[in-house]
Amino acid sequence: MDEGTKTIIDKLIKKHKPGENAVVSIFQDVQEQQGYLSEDAIRYVSEKLEIPVSRAFSVATFYSAFSLTPLGRNRVHVCLGTACHIKGADNIAGRISRQLKIKPGETTGDRKFSLHKVRCLGCCALAPVVKVNDDTYAGVSQDQVVSVLEKYR
Amino acid sequence: MKIKKMQDLNKLKKSGEQQLFPSGIKITVGLATCGIARGADKVHDAFKKELQKQKVKATVVPVGCSGWCSREPIVNIIIPRMPKITLGDVSEDDIPGIVRNLKNRHIPESKILYRTDAEENIADGRVRKYASASQAATSGKIPAYGTLPLFKKQKKIALRNCGLINPADIQEYVARGGFKAAYSAVTGMKPEKIITEVQRSGLRGRGGAGFPVGKKWEMARQAEGKKKYIICNADEGDPGAYMDRSILEGDPFSVLEGMIIAAFSIGASEGYIYVRGEYPLAVKQVTKAILQAKRSGLLGRNMFGTDFSFNVNVEKGAGAFVCGEETALIASIEGYSGEPVPRPPYPVEKGLWGLPTCINNVETLANIPVVLSRGGTWFSRIGTGKSKGTKIFSLVGAVERVGLVEVPMGISLKEIVYDIGGGIAGGRKLKAVQTGGPSGGCIPKRLADISVDYESLTKAGSIMGSGGMIVMDDRTCMVDVAKYFMSFLKDESCGKCLPCREGTQAVFEILDRITRGRGRTKDIEQLKDVCEAMSQASMCALGKTAANPVLSTLRYFGKEYDEHIKKRRCSAGVCSALIRFSINADKCIGCEACRKACPCEAVSGKPRKMHKISVKKCIKCRACYEVCPVKAVEIR
Ligand SMILES: Cc1cc2nc3c(=O)[nH]c(=O)nc-3n(C[C@H](O)[C@H](O)[C@H](O)COP(=O)(O)O)c2cc1C
Ligand code: FES
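Protein sequences, first through last, are from chains H and Z. Quick note, the first sequence lines up with residues 1 to 153 if you use our numbering. Quick note, the second sequence lines up with residues 1 to 636 if you use our numbering.
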């Protein structure tokens, strides 16, 4: 890991109250900053917090918010919660998958998009719901979702 | 200013009231997540711009979600001495017209949903009038708030301020009677007395299990430890429920006040709010609220000039359903992966860092200030024998009016679906209502008269849960629903105990087989066996209750399982291996919509000629079915 990244992570660590329990919050910040948790970053944080590497990896792999591989520039979240499910979310997810040629959990070769399934975005009244980065699209149809994706190309 | 005395609080209340009921025109825009998803942020900005452009004086204030989510963006217009007017489906394009009319104190009728002449503040029971009776009468045709079927049977206690106040302004919360209960509790009540009052109210936890709140507090009070904690569970894992998000986004101070009262009662000095990571706006609003409360001395050292000190931290979840379970939640705050541990010892004895910890849900805590200010007896008069007060439900799915509703317990399911929800959308038929999320079950139409309370729902094979209420019509396949929940649970099982880890996987595989038309008659027995094992032997409630969605659908919709297994049919038209798409020649008008919508060139046909679907190429994505204007695409 280069010195620049180290400095960034050091800064993120300082943001939190000292203590080993901060590991989840720090990983959240690293994930947001770097787009993923690299093995080096996980090791570095475990060293700084003085927790076993095994524990750091257990945390990094347990929570679905963390990715161990770099994510795409645009993160597409398709909701597969109950309300969205009965309104055809599987078909929306299928259409996105075919359009981007990736499965949920994967990233396109050009790293423009990564696709994630999420279990409820809290907009159940407006199902089916898709979120791209910070923008939420409510009541989307299969057709609409294709044009939504185009906006982020 | 730090609030030390009642006078200080009253001062804050006065200035808050001036904001809530200003002498000029005021416009509020619902800016919760659901509103923003429908463009409310643009409506908000358009108002600001247009008011300036047309030189009309009015304030524009962001508020939370008022519950009628299907009509977002929702805008309220308050003109002094006139009824408050609520508009729905407002778009940016409407704003110039609305602002132009405002100059003459006029509001164009086309977007009006209802008017409000007066508003009761449930925290103190006082009614505040917007307009006199005679002025209200001149509003003529516009329906009044309380007469609308959507609101008539609702009673808003936990949602009392959502959609009314600016959630980022502590003064407005205080103006609605906020922090009075906390003040009285901390400065003038004995903890035991508060706990007795909460016990008298009969309030039970709203996070799922329904444990009596007063009893939990008493246990936490009696527990010994050098420090105690209170945790607000805002992990809201049930996919399909979003009331906790709505409260945190629309009225975060009510939860803080509930936490203060809880902390004082049990003797806690530090609190945590564990918010689901998928709710960035909720995280932002609570964080802001905590800062403001600290600045006003409503959190921190020596609150209200007493020796009681209390602080609250925010923890953001990292995407794990099981972290809603209290012991897993604690592990997560401690910086471990969120794996539950066996109880007892319960968190009230040994919780966060081994110290006594009281965990309550968001909605539970939001009720607390009203329980104290109106009294336990008042609260206990609402609801049924064992289920007191109100419950918020997210009424979603196949119902006409989707949104958040808060109803007194004991109301019938039918009343919620038909009276409040306006029945099934598109003139279709009710099939079942799913309550309780992945730990709950499906209640069939024939039990729609069921009283909505903890006991009745459990007896029917479901649970109250956290309040998700997903209405399903005849196009929902119940085997598919069971499979959906099992797929959810097998993904979310933490994997620590074998019955849950292997059981959810095994049940999922059987259900998957059945929905693919490869089911065997003995599968039903096997399903029941594995479900039994999971319920008996799992360590935490995730596994213990994982069987519910399967068992309840087997119990009420056994025929559908049989149909899938024996006839290889899915009459709801959902399970793709068992259905075929075709075009009805008599109905097809050759409009080409289906051909254009098909992502895999399975539809052929010339303009104005009948179209055809190639069975070989069709991937059963329903795109053609959804776009056909004359319903010529049929599923068999
Ligand atoms: C798998 C699982 C998930 C849970 N998820 C939540 C949740 O998202 N929110 C919540 O308040 N309680 C949840 N609970 C219940 C909590 O363990 C706990 O009972 C509750 O937060 C207590 O608060 P209450 O008494 O105010 O309801 C969950 C329980 C289990 C077993
Ligand atoms: S189920 Fe999709 S937003 Fe809640």
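Since the hints were made in silico from the structure, they are not lab data. Remember, it's a predicted structure, so these values are computed and weren't measured experimentally. One thing to keep in mind: the hints can contain errors.
Simulated restraints, written as ranges between beta carbons of each label pair [stated by the list, open to error]:
no.: 1; chain 1: H; residue 1: Tyr152; chain 2: Z; residue 2: Lys459; range: 18 to 28 Å
no.: 2; chain 1: Z; residue 1: Glu119; chain 2: H; residue 2: Lys14; range: 14 to 24 Å
no.: 3; chain 1: Z; residue 1: Asp41; chain 2: H; residue 2: Lys103; range: 31 to 41 Å
no.: 4; chain 1: Z; residue 1: Arg295; chain 2: H; residue 2: Glu150; range: 53 to 63 Å
no.: 5; chain 1: H; residue 1: Arg111; chain 2: Z; residue 2: Val630; range: 41 to 51 Å
C-beta: ideal position from N, C-alpha, C; glycine also.
We went through each hint and held it up to the structure:
1. A hinted range of 18 to 28 Å is violated for the C-beta pair tyrosine 152/H and lysine 459/Z, which are about 49 Å apart.
2. Distance hint for glutamate 119/Z and lysine 14/H: a CB-CB separation of about 47 Å, inconsistent with the stated range 14 to 24 Å.
3. Distance hint for aspartate 41/Z and lysine 103/H: a CB-CB separation of about 32 Å, consistent with the stated range 31 to 41 Å.
4. Roughly 46 Å separates the CB atoms of arginine 295/Z and glutamate 150/H, a value that falls outside the hinted 53 to 63 Å.
5. Range check, arginine 111/H to valine 630/Z: Cβ separation about 43 Å, and the 41 to 51 Å hint holds.
This entry does not satisfy hints 1, 2, 4, going by the numbered hints stated previously.
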